[in-house]
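> The lines below spell out each chain.
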Amino acid sequence: MKPRTPLPLLAIFGIPLAIAFVTAAGLMTALLDDGLVDAVSWAALSVPVLAAVWAWRKRER
Amino acid sequence: MTNRTIRVWTLIHKWTSLICTLFMLLLCLTGLPLIFHDEIEALTAEDTLPPMPAETPLKSLDEAVATALATYPGERPLFLSFDEDRPVVNVTTGPGARPPVSQMHISAIDLRSTRILADLNDDKGFMHVMLRLHVDMFAGLPGELFLGFMGFLLFIATLSGVVIYAPFMRKLSFGTVRAGRSRRLKWLDLHNMLGIVTLMWVVVVGLTGVINTLSVPLVAYWRANELAAMIAPYEGKPVPERFASVDAAVRTAMEAAPGMRPQFIAFPGVRFSSNHHYAVWLKGATPATNRILTPALIDAETGAFTDMRSMPWYMLALRLSQPLHFGDYGGLPMKILWAVLDLLTIIILGSGLYLWLARRRSVQDHAAAGSANLRAAVGEAAE
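Respectively, the protein sequence lines represent chains A and B.
The numbers in this note's numbering rise by one with no breaks, and the one at position 17 of the first sequence is 17.
Position in the second sequence (first residue = 1) + 1000 = this note's numbering.
These aren't lab readings, by the way, just hints derived from the structure by calculation.
Check before you lean on any hint, since a few could be wrong.
Claimed, not checked - Within a straight-line C-alpha distance of at most 30 Å, the following computed DSS-like cross-link-like pairs (lysine-lysine) qualify:
(1) LYS58/A to LYS1186/B
(2) LYS1171/B to LYS58/A
(3) LYS1014/B to LYS1237/B
(4) LYS1014/B to LYS58/A
(5) LYS1059/B to LYS1283/B
(6) LYS58/A to LYS1335/B
Stated by the list, open to error - Per label pair, the in silico range of CB-to-CB distance:
(7) GLN1364/B to LEU36/A: 33 to 39 Å
(8) ASP34/A to LEU1026/B: 38 to 44 Å
(9) ASN1003/B to VAL53/A: 31 to 37 Å
(10) ALA43/A to PHE1146/B: 35 to 41 Å
(11) ILE1019/B to VAL53/A: 26 to 32 Å
Claimed, not checked - Computed footprint of chain A on chain B; a stretch qualifies when at least three of its residues, placed anywhere within it, have a C-beta under 8 Å from a C-beta of chain A:
(12) 1165-1171
(13) 1192-1201
(14) 1270-1279
(15) 1340-1348
Beta carbons: idealized from backbone N, C-alpha and C, even for Gly.
Just chain A, with the same shape it has in the complex (with noise of 0.2 Å):
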């Protein structure tokens, strides 16, 4: 879990963009249509919400 050497940043800030920009795209998408792009919006905008619930089940206890 925990790697020795200091990770880049690239290493750091590559999943939390990763999510910023998927949250981004879901908030866009129902502005621009009904129907299945809501669908599309919501599974984006779950991401963030699973990525949390994935940390916590997998928590060092």
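Using the hints provided, position chain B relative to the given structure of chain A.
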């Protein structure tokens, strides 16, 4: 990053957060029921449409306005808005052109009979209290702008949080939550993890909230500049004694903008119109364009078309900030996700407060034992 840079960003994060946290907790808690205000209000709705034959002809808008005025004698019409899915208009009246909201009356009127379905003058119920606490804490424009400033501090707190996320995570993989050691470490990891995954949502909802608090000054600016330019020949003219037909004004506006539908009509003298015009606010017919409003100005004395111009960028930003802040543009699943993200934000705020209190306590303990100084405590937090 040098240790000094980290310390400066940590201080920025600490103070911007400390100042805005209690207000943000208030906004998150009151915002939670507001997300579902449509659903909650539908539960207690009393304005259901009575059944009538499907092809019942609709009465005119002028008759609807007359009904509202007959209900509130001595008042004048301010706004008329159209319900989305049913033949109902909402007519706002008040004692003058720009009365405080508390003196306005809103009547929902069935266009098939011009019967009043409900007066929407709810200023006591639970949802109303939530809304006022959320918008201005019952303090009017100063309260609104104050909350806007708190939202700006939240934005700075979030950005500084992202900066100091890097040194915290130097040796941890993404999503690490060390729950088995100290309680403080567990909440620190949770605070960092939740903060970074909700980053974009918090920034968008926070900043659009800030823009919404600027609504009054932005509309005033639009009225003084864009609108003034559109009605230059009418400058200084008083509000007409009698208004021409609303129906004719809507027809004229729709002829000038084929394919668009009216969202609401602002009567002469109100914030969203000039002193001499009906402003018919038209929206596009497709989902992508129906959030973009274009005002058509109709001379309220003669009924003649005066001008129509699309909104400047700041009014578009204001308009788009509403759905992006409310989360009401993607059906119930989106509202539920909005609520979950709101709850995660509450955890971030609460854990941040806890971490500050816990660190203070630990600094005091250390000082009492004479074993450590503040620097060490700050350094420990940065590990």
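> Could you run down the list of hints and mark each one as holding or not?
Hint by hint, here is what the structure shows:
1. LYS58/A to LYS1186/B: holds, 13 Å
2. LYS1171/B to LYS58/A: holds, 17 Å
3. LYS1014/B to LYS1237/B: violated, 54 Å
4. LYS1014/B to LYS58/A: Between LYS1014/B and LYS58/A the Cα gap is close to 29 Å, so the pair holds against 30 Å.
5. LYS1059/B to LYS1283/B: Status holds; Cα separation ~23 Å.
6. LYS58/A to LYS1335/B: Within the cut-off at roughly 27 Å; holds.
7. GLN1364/B to LEU36/A: 33 to 39 Å: At 57 Å between Cβs, range violated.
8. ASP34/A to LEU1026/B: 38 to 44 Å: violated, 33 Å
9. ASN1003/B to VAL53/A: 31 to 37 Å: Roughly 35 Å apart at Cβ, these two residues keep to the hinted range, so it holds.
10. ALA43/A to PHE1146/B: 35 to 41 Å: holds, 37 Å
11. ILE1019/B to VAL53/A: 26 to 32 Å: holds, 31 Å
12. 1165-1171: Check passed, 5 qualifying residues.
13. 1192-1201: holds (count 8)
14. 1270-1279: With 0 residues closer than 8 Å to chain A, the stretch 1270-1279 of chain B misses the three-residue bar; violated.
15. 1340-1348: holds (count 3)
Hint violations for this structure: numbers 3, 7, 8, 14, all remaining hints satisfied.
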